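Construct all of the structure, not just a fragment, from the sequences and the given hints.
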Amino acid sequence: MSRTTRSRTVAQHLTSGGLTDLHLTEAEQTEGRPGRHQTDGFALRQHHDETGTLVVIAGAYGPDWFATLREIRHRLEQPYVKCTVVSEAPSLGDHEVLVRWATSAELQERKRAQAQAQAPLVALLRQQDAAAKAAAERQALEDAGQSGLW
Numbered sequence: 181m182s183r184t185t186r187s188r189t190v191a192q193h194l195t196s197g198g199l200t201d202l203h204l205t206e207a208e209q210t211e212g213r214p215g216r217h218q219t220d221g222f223a224l225r226q227h228h229d230e231t232g233t234l235v236v237i238a239g240a241y242g243p244d245w246f247a248t249l250r251e252i253r254h255r256l257e258q259p260y261v262k263c264t265v266v267s268e269a270p271s272l273g274d275h276e277v278l279v280r281w282a283t284s285a286e287l288q289e290r291k292r293a294q295a296q297a298q299a300p301l302v303a304l305l306r307q308q309d310a311a312a313k314a315a316a317e318r319q320a321l322e323d324a325g326q327s328g329l330w
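Terminal number for the sequence shown in the numbering used here: 330, no gaps in between.
Treat the hints with care, since some could be wrong.
[Claimed, not checked] Pairwise CB distance ranges (calculated):
#1 A310 x E211: 54 to 62 Å
#2 A316 x G273: 53 to 61 Å
#3 E206 x A285: 26 to 34 Å
#4 L234 x Q258: 20 to 28 Å
#5 T189 x K291: 18 to 26 Å
In short, the hints are calculated from the structure, not lab data.
Computed from a prediction, not measured in an experiment: that's the story for all the values here.
Where a beta carbon is used, it is the ideal one built from N, C-alpha and C, also for glycine.
Have a look at this one:
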């Protein structure tokens, strides 16, 4: 059984990321028309999942609700937030995602995937550092007048 996820904690993470909390009622959220709102933002409501754990449903609203939904997912799946966003769950609209605390295995898998994605860049940076260090050593030897020894 996973930990309880509170809407105020999720709201704090989203608002600190620059998103606007629209403070919609549950009836307005379940109406299913996310594009009718004038400003882009999000709204949250509590929900019990199939295991009985209290989780949060985050909905994106506004003219560009799809971009807001993408930003919600991106913000909540940052390593320091430690949430898991599920878009395929029963009773969710197209503009909604289910948010729960991430398990240790999920966090380790994310860390592994991020390291794997950054591996080519890290290798290139190390190669460039080694080349720069070798060039600096050669230049230092030339400046010292010892280039003929090598």
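Status of each hint after checking the structure:
1. A beta carbon spacing of about 60 Å between A310 and E211 agrees with the range 54 to 62 Å that was offered as a hint.
2. Remark: the range hint 53 to 61 Å for A316 to G273 is upheld by a beta-carbon distance near 59 Å.
3. For E206 and A285, the hinted distance range of 26 to 34 Å is satisfied, since their beta carbons lie about 32 Å from each other.
4. One distance hint, 20 to 28 Å for the beta-carbon pair L234 and Q258, holds here, with the actual separation near 22 Å.
5. The given range of 18 to 26 Å is respected by T189 and K291, whose C-beta atoms sit roughly 22 Å from each other.
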